[in-house]
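Trainee: Chains as they are written, first to last, in this note's numbering: chain A, 1 to 419; chain B, 1 to 419.
Rather than coming from a laboratory, the hints here were simulated on the basis of the structure.
A portion of the hints provided could be inaccurate.
Here are the simulated DSSO-like pairs of lysine-lysine, each with C-alpha atoms no more than 27 Å apart in a straight line [unchecked claim]: (1) B:K90 with A:K308; (2) B:K179 with A:K90; (3) B:K179 with A:K412; (4) B:K179 with A:K82; (5) B:K90 with A:K283; (6) B:K90 with A:K179.
Number of protein chains: 2
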Amino acid sequence: MSIKNAFYAQSGGVTAVINASAAGVIETARRHGDKIGTVYAGRNGIIGALSEDLIDTSLESAADIAALKHTPSGAFGSCRYKLKSVDTHKEQYERLIEVFKAHNIGYFFYNGGGDSADTCYKVAQLSETMGYPIQAIHVPKTVDNDLPITDCCPGFGSVAKYVATSIREAGYDVASMAKTSTKVFILEVMGRHAGWITAACGLAAEAEGEGPHILLFPEIEFDEAAFLAKVKATVEKYDHCVIGVSEGIKNKDGKFLSETGLKDAFGHSQLGGVAPTIAQLIKDKLGYKYHWAVADYLQRAARHIASKTDVEQAYALGKAAVEAALAGKNSVMPAIRRLSDAPYQWDIVDAPLSEVANVEKFMPRDFITADGFHITDACRRYLSPLIEGEDFPPFKHGLPHYVRLQNQSVAKKLPEFKV
Amino acid sequence: MSIKNAFYAQSGGVTAVINASAAGVIETARRHGDKIGTVYAGRNGIIGALSEDLIDTSLESAADIAALKHTPSGAFGSCRYKLKSVDTHKEQYERLIEVFKAHNIGYFFYNGGGDSADTCYKVAQLSETMGYPIQAIHVPKTVDNDLPITDCCPGFGSVAKYVATSIREAGYDVASMAKTSTKVFILEVMGRHAGWITAACGLAAEAEGEGPHILLFPEIEFDEAAFLAKVKATVEKYDHCVIGVSEGIKNKDGKFLSETGLKDAFGHSQLGGVAPTIAQLIKDKLGYKYHWAVADYLQRAARHIASKTDVEQAYALGKAAVEAALAGKNSVMPAIRRLSDAPYQWDIVDAPLSEVANVEKFMPRDFITADGFHITDACRRYLSPLIEGEDFPPFKHGLPHYVRLQNQSVAKKLPEFKV
């Protein structure tokens, strides 16, 4: 087996632990210098490959690569860019092969979600479609937890821990204030299509009366009357009401609630913000004083409260991707397989990319209570292990100390290519 | 000195560490059983005193009182309620004295901000105005950090650590995404009148190019043209721009930006949310893709990322309040005095309540850069020690484990009183 170089890139929305996967890939590759030469990272995902904008990770110190394990975001830059079909855009694939050839790249590791799995799958087929020998392995990552086959997705467990922690803390706060002030608190979380993050908020409700009292899932059509009745009953019973809401909830006409109603001074629809919409509805119909928060990027970047389980799985999947490549595999994604809930046990299996690309996994209906407003015990059993354990980053001057790599560019060998 | 009981209550917006002050009061009082009998807590602040709704803290275990040190929110309930003037509402004061007499209360500890200091000051004058011997001590607390005399206010340091951590993490995130997606990220923070929390965001910007790049303070009139020019220049230089904005910024007409422009489906002005307003402005005028977050209660409840310095000071001030009472003092607030920046050293002095009540402390102009968009080194020297040190709470099932007290009511001895 001759020595080939590897290409690694990050794709789609970044997470608190995608860099832990990067560390898993790079550290494992470094331990197999007899088979893998240099790991080149794509600057800004696949765009780095197309534009021959490669980063030489061999110039980074072992300490800095290790520090990726506790650094959120995408250390090499990510992208929202999907390769077109090989039938209509053959020139993109020819360009990839030129770049791979020019830099002796035989391994392709792509770290992303469903759309990225599609890109990785297309690259994996290059041997067949274009005759270039490459092994493409997908490393799963998405806070949305919506990839098929794998029991969970790196990035999700840490968002889950963040939102459950945050809504618990805000719930304690509003409970203190309810007598003379705020009665209703609303936290908007990510997950436009799948309600996994919303469900994770529910983990905070462990004791009778503890918030969140209501969850609004994108899988459940928003029923205004039922919702308002539930808010009213909750406030009457507990004197306050804590609500977790997905950014992606829709009304019965299939319209996003966040797109309805609000106009700016110029008459444009305001984009985003289902929490203020829900808050205004409660104010108008029930008259309760409210507060709302939108966590947005804070939730997926919150490495300071990452799940230890999540960090370990992110690293292990990066490592497994390199081991799969060394074992001669192509067109697979290492996936988490759950062996038991309690004690939580898992291992890693290979999922064929053909079954991963472009498939979304939604919440099973039996993870949501019959009334549609909370999670069931089955859901709790699934979610609990994913937020287990703390893995605090180092702190300096009172703040998390994250690494910035040097990200030195590899000299270009090819003419420019318009992406 | 005969044994008298004590009254303790929490007032105004709660914080991540107000319960640490409660622990300081209760644990210190317990160590002086020869002088202080039972500490009765007011359920929901001063309302608990007026309505004779008292909690017997002596029924709580030592372990649960100690656990208050790591539990956010107000364990006994807080209130937004200000005593009226003794001249116009003498009946309120007569009622307080009836309740104090009925329960042999000789010490009054009130834990709050500026408005609460006013209430405490009025109670402190009861000896003079109504002839009832009471010692009233104010325990400072406010995330807004706007009390006079004290170098800083318990609650602020933890919010400061939270917002600086959060905006750093989100800044890393948006930097990864900027090539093909989000260019601008906006975090809205609390502090309607004083920009201390906004300033704390600035601590995250330690290295060249690191966010936040722009801060919008309530002390500085919002200049749209200058702001947009700064955003544009920042994106052109760093490819992204991270902004921290106070909920209280105003335009040149003195109107809150959060109150201008947005209307709901019924034509009502939308309340709150300056971040989406700023985001929309950037989108309309510069065309950049944006994300925004509103931290709201998450920031002041975030005990999981509390500042160790803040927790220690909150506890120490509760302890000092009891010691001041034992020393025969009345109408004072123990205050933090800074002895040096580095190494950070502080002690506690007494501030007269007459100089504390209803006085707000704003950011000095020389803590804000000349262009109005960031903090100066002087500000950084002031803020840095306040976020130093971590004091993580215990975790259980992957989540912070906070205490809920039993909060058993004391039997009432008096007829009802309408608050």
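Trainee: A separate judgement is required for each hint: does it hold in the structure or not?
Mentor: Against the structure, the hints come out as follows:
1. The straight-line distance between the Cα atoms of B:K90 and A:K308 is roughly 58 Å, outside the 27 Å bound, and the hint therefore fails.
2. Restraint check for B:K179 and A:K90: the C-alpha separation of about 24 Å stays at or below 27 Å, so the hint holds.
3. Of the supplied pair hints, the one linking B:K179 and A:K412 holds, its CA atoms being roughly 20 Å apart against a limit of 27 Å.
4. Note on B:K179 and A:K82: the hinted pairing holds, with a Cα-Cα distance of about 14 Å set against a maximum of 27 Å.
5. Taken as a hint, the B:K90 and A:K283 pair is broken in the structure, with Cα atoms around 35 Å apart against an allowance of 27 Å.
6. A C-alpha spacing of about 24 Å is found between B:K90 and A:K179, which places the hinted pair at or below 27 Å, so the restraint holds.
This entry does not satisfy hints 1, 5, going by the numbered hints stated previously.
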